[in-house]
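Protein chains in written order, with our numbering: chain U, 1 to 504; chain S, 1 to 504.
Derived from the structure by calculation, the hints contain no laboratory data. The beta carbon of each residue, even a glycine, is placed where N, CA and C say it ideally should be. Heads up, some of the hints might be wrong.
Covered by chain U, per the in silico footprint, the following chain S stretches (three or more residues, Cβ under 8 Å) [said to hold, decoys possible]:
id	region
1	68-81
2	141-151
3	234-247
4	257-263
5	273-284
6	305-316
There are 2 protein chains.
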Amino acid sequence: MLPIDLPANAAARNRIRAAYSPELFAKASEGWAEILSQHMTQVQAGETRVLNWNDPLPNVRAAREVLDQAPATATGDERVARFRELLKVMLSRGHNLHHPHYVGHQVPPSVPLAGLFDALGAVTNQVMAIYEMGPWGMAVEQALVGRLAETIGWDPAQSAGVITHGGAAANLTALLAARNVTLGDAWEMGVARSGPAPVLVAQAEAHYCMGRSAGILGLGTRQVVKAEVDADHRLDPVRLDASLTRLKSEGHPVIAVVACACATPVGAFDPLNAVADVCEKHQVWMHVDAAHGGSALLSPRYRHLCAGIERADSVVWDAHKMLFVPALCAFVMYRNREHSFRAFSQDAPYLFDASAPDLRDFDGGLRTLECTKRTAAYGLWGLWSLFGPQLFADLVDVTFDMGSQFHAKLSAAPDFETLHEPHCNIVVFRHTPEALQNATPEEVGMFQLRLRRNIIESGEFYLVHGVVNGVPALRVTLMNPLTTPEDLDQLLDTLRSRGRQLLS
Amino acid sequence: MLPIDLPANAAARNRIRAAYSPELFAKASEGWAEILSQHMTQVQAGETRVLNWNDPLPNVRAAREVLDQAPATATGDERVARFRELLKVMLSRGHNLHHPHYVGHQVPPSVPLAGLFDALGAVTNQVMAIYEMGPWGMAVEQALVGRLAETIGWDPAQSAGVITHGGAAANLTALLAARNVTLGDAWEMGVARSGPAPVLVAQAEAHYCMGRSAGILGLGTRQVVKAEVDADHRLDPVRLDASLTRLKSEGHPVIAVVACACATPVGAFDPLNAVADVCEKHQVWMHVDAAHGGSALLSPRYRHLCAGIERADSVVWDAHKMLFVPALCAFVMYRNREHSFRAFSQDAPYLFDASAPDLRDFDGGLRTLECTKRTAAYGLWGLWSLFGPQLFADLVDVTFDMGSQFHAKLSAAPDFETLHEPHCNIVVFRHTPEALQNATPEEVGMFQLRLRRNIIESGEFYLVHGVVNGVPALRVTLMNPLTTPEDLDQLLDTLRSRGRQLLS
């Protein structure tokens with residue numbers, strides 16, 4: 001047992017008080033606001049590079065050097081000065097998603113004020129697991145779950161939902177619920193059983209986290225049956241029907257059918273009503289990965305892309321994609337309220353209070369992978385409360401429209417090859433200058449990859465790559481609503497000029 | 001195909017530009033810094049309640065009302081005014097972990113500046129999955145992984161680690177790697193196999209996420225074998241040895257042995273060297289859940305609690321617990337570098353670039369549950385770079401010392417019952433005033449639960465509950481280094497006076 005007033009303890013307490021000092025925080029946060037505002041202005045104006053590229057090993061070394069140079073002692077002012085320097089290091093080496101030339105992954109330049117709402121939760125460390133740890137966080141989350149349920153077309157009293165850390169975790173959670181409901185006792189007894197193996201039927205171009213989920217859940221990645229797509233990359237319901245008929249006749253339990261709204265590679269939206277007809281016929285759990293496209297539901301112009309989603313058993317919808325809030329904020333939605341309690345089950349007497357059973361519905365930890373969870377909903381709740389749903393409709397409309405606009409530009413350019421009719425803001429294409437006329441598909445593909453790497457490392461644009469028919473291609477997600485048609489023209493010109501350099 | 005300049009599109013673009021406006025952000029962030037600074041000052045001074053309790057249903061209704069009241073149109077100044085109001089709503093209904101009377105869950109009042117570093121990542125939406133999306137985020141993460149590996153006693157070149165969203169996800173990830181390594185082909189083929197079922201051996205008082213992991217991974221929660229603990233709540237290596245001998249002789253594949261540093265209920269640290277001896281003898285994967293206690297490694301005074309951790313195959317260490325950064329930032333560490341690639345496996349040609357194979361080691365998405373991941377390391381990297389490791393030693397020393405100090409106070413008070421000798425800053429006890437002398441254990445237990453609920457809803461203190469020997473008890477984690485011995489005296493007095501009210 002230690003005495004209460006160790007001298008060492010007093011010194012440690014003094015150092016801690018200095019680190020927690022509200023005065024230090026006031027000065028630091030003022031500087032934080034100033035530095036970030038300046039940065040946001042420059043980036044939006046396109047005055048910086050998009051990506052600040054550095055190779056991994058030197059970058060890790062640099063991060064380690066800064067870490068090892070922390071001063072053992074310093075005055076408050078010295079700490080503030082170093083704090084500001086550290087912020088500048090982080091900004092100078094980061095990725096500038098708010099740059100109009102950011103046309104990369106399905107991760108948005110989040111609305112800056114959404115970031116501030118989220119940041120309030122970070123600084124005060126608001127978390128959840130049980131209701132009492134984050135009562136307002138849970139209230140905000142459940143208010144949004146109700147609002148999204150209505151948007152899908154569900155009765156909030158009958159349906160349910162939770163927020164989790166990302167689309168992959170969200171899809172895993174929904175498929176875990178589907179597995180437990182379909183197999184009955186898999187949670188307690190495991191998935192091993194006599195007879196044909198349980199299978200997961202997933203759209204052939206579904207996100208890799210579906211196969212992963214099968215690996216994690218003990219089904220095995222080989223137990224994923226691909227649901228074939230048509231020429232437009234949409235799930236083919238006729239072949240799905242045939243596939244389910246065969247699987248059922250062979251005795252395979254079918255965990256779920258996974259449809260996409262939209263699928264990752266080219267952004268194709270599946271015909272959800274037709275898929276729902278087939279799932280209902282075979283009495284199979286229908287899961288819709290609407291991580292990217294669910295937000296189309298908030299746009300009167302694009303809502304039709306998700307027609308039929310209300311018939312799904314579970315839906316994943318990422319707010320950190322097309323609702324433009326910072327990562328991560330992924331909704332797992334269940335049409336049947338009871339299903340949301342089927343994913344997990346546990347006994348943690350130190351957490352769940354037997355004297356207050358009414359709180360169980362709001363003890364989110366019962367229904368999420370996470371025990372302690374960030375209040376991931378603050379960004380979305382704040383943004384929605386500030387601007388209302390029109391902003392989300394605008395963001396969908398402008399970015400999805402840009403998909404069509406960019407496709408039109410590509411179609412009009414003889415040195416570019418279009419590869420699909422875009423359904424949304426994802427467009428995949430190839431640059432095919434005349435010099436490549438006699439190149440093999442492998443050469444054409446490698447040219448796309450090298451061209452892209454050249455451009456992203458230069459910081460001029462940030463775009464990604466894809467693979468269509470086995471051949472690499474260029475891929476943009478028009479995720480920045482500040483990108484203009486002129487920026488898109490400039491992208492084509494940059495591809496041309498960098499391409500010429502590469503080929504010469 | 002849509003024309004490029006729809007009038008609707010122009011109006012939408014104007015509204016979006018207003019929402020993204022750097023001027024709006026500058027004003028909003030300035031207000032944000034001011035409001036949060038004021039809040040931090042008041043909370044640390046104990047001028048607010050700890051928890052702002054409201055029942056769930058009215059709270060959800062309130063959150064929804066605010067959501068539905070978003071003004072369709074507003075000037076910039078009106079937006080800023082509403083923004084400030086919304087921040088105040090969030091703060092007035094939240095949980096004040098920085099209040100000295102917060103002695104609740106294993107979630108810290110994070111160092112305020114760590115929150116600002118984290119918040120920079122949120123506002124600029126820095127994410128990771130592949131190296132190029134978050135090069136500095138990954139650099140920072142890997143610099144920290146190397147530093148923590150050295151602290152454990154591993155060679156950073158031989159070991160590996162990743163950050164994931166919370167201790168539950170981290171333990172799941174490590175156990176998934178253990179399952180895949182132990183069973184060989186479970187990822188592709190599933191866990192079903194002929195012969196005795198695979199089992200997971202977990203410390204009897206290990207966190208509920210261990211049982212959950214068995215449920216998720218397809219093993220089944222019934223395949224968890226409890227490793228019995230001694231009277232001091234520590235894993236008993238002799239009985240572990242006997243248990244492994246029996247399991248092996250019966251032919252059960254053993255996925256892993258889970259030891260704790262420390263276990264959740266009373267914060268007991270297992271004898272890791274003795275556990276390692278047994279695991280080595282039986283050639284079983286040793287996993288240590290050091291989510292809470294791993295940080296003791298940074299304190300010369302308390303490092304001994306984790307002796308032997310360097311012999312584990314995998315370790316989970318949460319920075320959002322005893323390294324005092326905001327949630328979530330959980331490290332999964334592997335002694336054998338190759339094992340970190342065994343948890344997951346996938347093919348995502350649109351993500352991983354065949355033209356740059358050298359980047360694979362830094363494409364974190366290959367090794368984490370998350371595809372898109374927040375740069376969860378900014379808070380820790382910034383904090384460490386600003387104050388150095390002494391601050392972490394101080395935080396461990398002061399809070400762990402308080403565990404002993406509080407236990408001494410309880411031992412000296414005839415109306416309190418101590419239930420264990422604390423190993424760290426977790427202390428479990430009961431209030432047993434004379435009036436309860438003839439009460440049954442059930443009555444004593446229910447009194448603890450009602451007393452606690454009464455106090456937390458009042459906002460005077462925030463503490464949690466536990467269960468020891470089947471009877472509910474009070475539980476504190478002395479997570480706030482600003483809590484003083486006087487606050488702890490006041491806690492006992494508050495328990496006494498609220499207890500008297502309840503009993504009268």
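Tested hints:
1. 68-81: holds (count 5)
2. 141-151: It holds: at least three residues are needed, and the region 141-151 of chain S offers 5 whose Cβ sits within less than 8 Å of chain U.
3. 234-247: Violated: only 0 residues of the region 234-247 of chain S have a Cβ under 8 Å from chain U.
4. 257-263: Three-residue rule not met by the region 257-263 of chain S, so violated; n is 0.
5. 273-284: This one is violated; 0 residues, fewer than the three required, reach chain U with a Cβ under 8 Å.
6. 305-316: violated (count 0)
Of the numbered hints stated above, those contradicted by the structure are hints 3, 4, 5 and 6, listed in ascending order.
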